[in-house]
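There are 2 protein chains.
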Amino acid sequence: MKLTEFRQQKEIAVQEELGRQIQALAIPAVLKESMNYSLQAGGKRIRPILLLAVLEEKGVQHPDALKVACAIEMIHTYSLIHDDLPSMDNDDLRRGQPTNHKVYGEAAAILAGDALLTYSFGLIARLETVPAEDRLRLIDLLSTAAGAEGMVGGQVLDMEGEERKLSLEELEQVHQMKTGALLTYSIVAGAVLAGCPPGEIPVYAAFGRHLGLAFQIQDDILDVTGSSAELGKTAGKDAASDKSTYPGLLTLPKAQEKLVHHAEAAKTALQKLPGDHLLLEQLTDLIVHRTS
Amino acid sequence: MKLTEFRQQKEIAVQEELGRQIQALAIPAVLKESMNYSLQAGGKRIRPILLLAVLEEKGVQHPDALKVACAIEMIHTYSLIHDDLPSMDNDDLRRGQPTNHKVYGEAAAILAGDALLTYSFGLIARLETVPAEDRLRLIDLLSTAAGAEGMVGGQVLDMEGEERKLSLEELEQVHQMKTGALLTYSIVAGAVLAGCPPGEIPVYAAFGRHLGLAFQIQDDILDVTGSSAELGKTAGKDAASDKSTYPGLLTLPKAQEKLVHHAEAAKTALQKLPGDHLLLEQLTDLIVHRTS
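Residue numbers (our numbering), protein chains in the order written: chain D, 74 to 365; chain X, 74 to 365.
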């Protein structure tokens, strides 16, 4: 399947499944609205699409893969809601729309994030088509990728990085934790659901690590070269806040070299796996060349 | 075993296990400190003690029950950290000490809460002495009890209740979701870990529901009759903020009647279970007669 068609199909499927999951909850109206607002604000759904692409390439039609993909998207969405808060990155715009707390207030935004995070683990626990041991593994890995040793810890380091200049090594660690861990998880979760042999999982993880770094370097680059309109968020924010970034530490051309390096390393990892990987290669190119 | 001795033993065990869990994490120093600060601030550890009391009464020595108890305490602690935030209940004191955000700032407090919540699910997922299906059930139930349909939803309703007068039925629903769901979960989790037959679980849940309501009614009563020094938090806050409470809706004597009713109903539920329930009965009395 061509990437464009695949993405269009899966974006719709993810959007619909997210809607179904929240709709089914018997919860206070304002909480449901606030959760839905951020889930339905769109975005590229990169994490769900990576997970689903792994299954597609393996030729596996898994009845519950979409739900795992949505659990990851819920966690990603909660992290955006909390990161945007005034006491964190203080962002008014996200994907071109007012951030959650701008619409529902800080309390509802914090609670919507908490609710999405909490829900995602139960969603995976209930997937009866996935063997019990695999569900537990998915939950264990997700908790690590999203938690203090992963995404949450990365956000702490990221905020510390606004107060002092990081070394390149430290910056890479921040990115690895803040963005890389959940991106890598998406790919590994796809491999687990596809029933890949244990030896292939570390290769998928290596692909994910390079892809995650490429993704984040491009994010840093776009903050310098992109416009707010294209990005749907305030451009130039990193430089204005003196934040440590790849272009800031390395210069823009060297950051671009680093981006290409990690994209190539990601593709090289794929070659160690059986079968063809056209979708994942195209997704890698897309992440490198994206303009928003 | 006498209740006092049981509680002292278990409080220490919980405190130590919480310390071990956090100590083992490779995470940013400020995040570790902030998580530890609230976990080690003490409190009554009612939820862990309820879980462990169920096992004690069943005569079951479970190697991983303490870890499940700590997972619940982490979720309880995260909820306190987030509830205390300026945009929520805006509390400066908790258990007689400055609240997390007063010490570490709002961003670190939000992230410490997120990290505790996220960690708790992974902790349960990794408990190899618990059968896989039971771990999944514990995660599923915890996600529901702590999430939008339970604790988080209850906090949303509780905040709405500050803006308008609730009916007694609505107030009971708020309490059931905000406090009752996680308290009930603690008891049910104990019963699951003890390997209770399926028919007993709803009886434990009924005990938990009445106990949870008794707990919360006493909380409302203490806000009227207690002192800030005893409570370790600001007394009289409910009345000052015009919040719907049992004494406010019913008068103080009728709230006390209601408290006794639920405590008795909790004990009646216990009589439907085999064996004696001295510990759980004593714990019920303790919750009713507590002064903080």
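Note that these hints are calculated values from the structure, not bench results. Please note: incorrect hints may appear among the correct ones.
To be verified - When the alpha-carbon atoms are kept at most 20 Å apart in a straight line, the in silico EDC-like pairs for lysine to aspartate or glutamate are as follows: (1) D:Lys117 with D:Glu179; (2) X:Lys316 with X:Glu235; (3) D:Lys105 with X:Glu90; (4) D:Lys310 with D:Glu235; (5) D:Lys238 with X:Asp213; (6) X:Lys117 with X:Glu90; (7) D:Lys140 with X:Asp213; (8) D:Lys175 with X:Glu233; (9) X:Lys105 with D:Glu129.
Which numbered conditions among the earlier hints are violated in the structure presented, ordered from lowest to highest?
1, 3, 5, 9
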